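Enquirer: Sequence:
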Amino acid sequence: MTKNLFLVLLLLVCGRLSFAQCNSAAPVTHYLTQTGPGEIYRPNVANWKGGDTIKITGTNYSVIEFNNIGGDACRDLVIMPQTRLNTGQFRIKGNCRYIKVWGGQNSNGIRITGGSLAITKSHHITADNMEISGGSVGVYCKQDYDAGDPETWQPGYVMNKIKLTNLWIHDINGEGMYVGHTSPNGVVYNGINRIPIRLDSVEISNCVVERTQWDGIQLSNARNGCKIFNNTVKDFGLLNKSSQQAGIILGSNTNADVYGNKISRGTGNGIELFGYGVINCYNNILDSCGWDGTANGQQSIYASDYLTPSENNPKQTVNIYNNTIIKPKTSGAVFVAGYANNSFPSKVENNKMCIANPPANWLSVYVKVYTTGSTIQNNVILCESAVVLPVKFISLNATKKSDKTYEVSFEVEEDANIDHYEVIVVEPKGQKRILKIVMPDGHVQGKKKYTQTIVL
Numbered sequence: 113m114t115k116n117l118f119l120v121l122l123l124l125v126c127g128r129l130s131f132a133q134c135n136s137a138a139p140v141t142h143y144l145t146q147t148g149p150g151e152i153y154r155p156n157v158a159n160w161k162g163g164d165t166i167k168i169t170g171t172n173y174s175v176i177e178f179n180n181i182g183g184d185a186c187r188d189l190v191i192m193p194q195t196r197l198n199t200g201q202f203r204i205k206g207n208c209r210y211i212k213v214w215g216g217q218n219s220n221g222i223r224i225t226g227g228s229l230a231i232t233k234s235h236h237i238t239a240d241n242m243e244i245s246g247g248s249v250g251v252y253c254k255q256d257y258d259a260g261d262p263e264t265w266q267p268g269y270v271m272n273k274i275k276l277t278n279l280w281i282h283d284i285n286g287e288g289m290y291v292g293h294t295s296p297n298g299v300v301y302n303g304i305n306r307i308p309i310r311l312d313s314v315e316i317s318n319c320v321v322e323r324t325q326w327d328g329i330q331l332s333n334a335r336n337g338c339k340i341f342n343n344t345v346k347d348f349g350l351l352n353k354s355s356q357q358a359g360i361i362l363g364s365n366t367n368a369d370v371y372g373n374k375i376s377r378g379t380g381n382g383i384e385l386f387g388y389g390v391i392n393c394y395n396n397i398l399d400s401c402g403w404d405g406t407a408n409g410q411q412s413i414y415a416s417d418y419l420t421p422s423e424n425n426p427k428q429t430v431n432i433y434n435n436t437i438i439k440p441k442t443s444g445a446v447f448v449a450g451y452a453n454n455s456f457p458s459k460v461e462n463n464k465m466c467i468a469n470p471p472a473n474w475l476s477v478y479v480k481v482y483t484t485g486s487t488i489q490n491n492v493i494l495c496e497s498a499v500v501l502p503v504k505f506i507s508l509n510a511t512k513k514s515d516k517t518y519e520v521s522f523e524v525e526e527d528a529n530i531d532h533y534e535v536i537v538v539e540p541k542g543q544k545r546i547l548k549i550v551m552p553d554g555h556v557q558g559k560k561k562y563t564q565t566i567v568l
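Counting from 113, one number per residue, gives the positions in the sequence shown under the working numbering.
In case anyone wonders, no lab produced these hints; they're calculated from the structure. Hints may be right or wrong, so weigh each one.
What the hints assert, rightly or not - Derived lysine-lysine pairs resembling DSS-like cross-links, with alpha carbons at most 25 Å apart:
hint, residue 1, residue 2
1, K480, K439
2, K559, K464
3, K205, K275
4, K464, K353
5, K464, K480
6, K516, K559
7, K464, K339
8, K459, K480
Values in this document were obtained by computation on a predicted structure and should not be read as measured data.
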């Protein structure tokens with residue numbers, strides 16, 4: 113009996129490995145037309161190989177679905193429109209692998225309207241240069257438990273190497289991106305707790321997500337090597353619904369870095385960090401996050417150390433540094449909870465905050481860290497004067513050179529005529545300094561960096 117089980121397991125493993133054998137033939141371009149009126153359903157296509165390109169010839173479809181197709185570990189199978197493509201649904205499912213869905217040379221060459229990009233039980237998938245709008249979810253990327261398919265039970269399958277890049281997701285009735293299962297400890301089915309399969313090595317980058325009724329970007333149950341970077345998320349949580357209104361969520365049972373993102377104008381927390389292990393959150397710009405209509409509002413950056421009993425994860429270590437936080441609410445520019453006592457000491461360092469009329473104790477009001485032994489240092493207030501200026505800043509930085517000297521550098525979006533402006537610098541000890549910056553000839557050129565030394 114043991115020998116037979118081993119043989120079956122060996123056959124299954126070899127069957128999976130056969131998908132990864134590399135195609136050595138020259139790339140082929142295949143032209144794909146509809147399989148039914150306004151529809152494309154293509155399962156189990158054996159003659160599409162790694163390195164090949166599938167060009168969809170039509171321009172308007174109600175649904176496009178690929179099932180159990182793919183390239184190989186050496187080269188992706190590329191799926192793209194011949195010109196432009198509009199569809200209501202785009203689905204990738206059933207063990208699709210090594211696929212790049214690409215909008216082509218035209219900006220947002222694939223447009224999904226009224227539905228979503230749905231990726232289920234697949235691995236090594238890239239989605240690039242697409243526009244998604246008008247549906248209940250922009251990107252749906254996870255696999256729900258299926259009682260009839262053991263591969264949907266942990267550890268039956270891993271949805272690894274998922275890359276979502278250069279997507280424009282807007283005007284969504286729910287989440288902009290719903291990536292990964294939000295119940296990693298499982299669901300009870302017929303009295304048995306079934307653990308959902310995991311994601312791994314997920315990258316979400318260079319996407320614009322705007323005007324979502326619920327969360328902007330949510331990544332959960334994604335194990336190791338994940339990254340969320342260089343995204344713009346704005347006007348999120350428009351419904352102002354509790355627990356469904358964050359800009360970027362790094363959910364439980366997830367390890368990732370979150371960096372270089374711009375998050376603005378939302379009712380909920382700008383960034384939420386609920387994962388495990390070392391989590392670096394840096395170089396993000398958060399503007400007007402947590403404005404939910406209450407006096408204290410919600411947090412710009414919020415972290416808490418969620419437990420995942422179904423895994424043996426390392427404790428959470430959060431490093432929050434070099435972020436710019438503009439107009440935070442008093443509930444916290446940075447709030448590290450540590451409620452589950454599942455954290456190592458955190459670091460909150462070198463963050464810049466723009467707060468109108470900051471109180472003397474601004475640091476304790478706006479930076480709240482409850483993990484024992486944590487480091488809080490070099491967080492400063494730095495922003496332009498409360499007077500509204502006809503200048504839109506791309507960057508603004510002040511570096512203390514000595515007790516009486518600051519070096520200020522700035523870059524503006526457009527040309528502007530203005531004699532001077534003021535930068536308010538509040539040091540950690542509460543000392544407030546006003547730096548008066550005199551503009552050269554009363555005129556500032558857009559897209560040009562200026563550096564000036566201010567002697568107090």
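Enquirer: Next step is simple, just say for each hint if it's right about the structure.
Expert: So, going through the hints one by one against the coordinates:
The straight-line distance between the Cα atoms of K480 and K439 is roughly 16 Å, inside the 25 Å bound, and the hint therefore holds. Distance restraint check for K559 and K464: the Cα-Cα separation of roughly 22 Å lies within the 25 Å cut-off, and the hinted pair is therefore satisfied. For a cut-off of 25 Å, the pair hint linking K205 to K275 stands: about 15 Å separates their Cα positions. For a cut-off of 25 Å, the pair hint linking K464 to K353 is broken: about 29 Å separates their Cα positions.
Between K464 and K480 the alpha-carbon distance is near 15 Å, which keeps this suggested pair within the 25 Å criterion. Distance restraint check for K516 and K559: the Cα-Cα separation of roughly 29 Å exceeds the 25 Å cut-off, and the hinted pair is therefore not satisfied. Our distance criterion of 25 Å between C-alpha atoms is met by K464 and K339, whose separation comes to about 23 Å. Among the hinted pairs, K459 with K480 is consistent with the structure: their alpha-carbon atoms are about 11 Å apart, no more than 25 Å.
The structure fails to meet hints 4, 6 from the earlier list, while all remaining hints are met.
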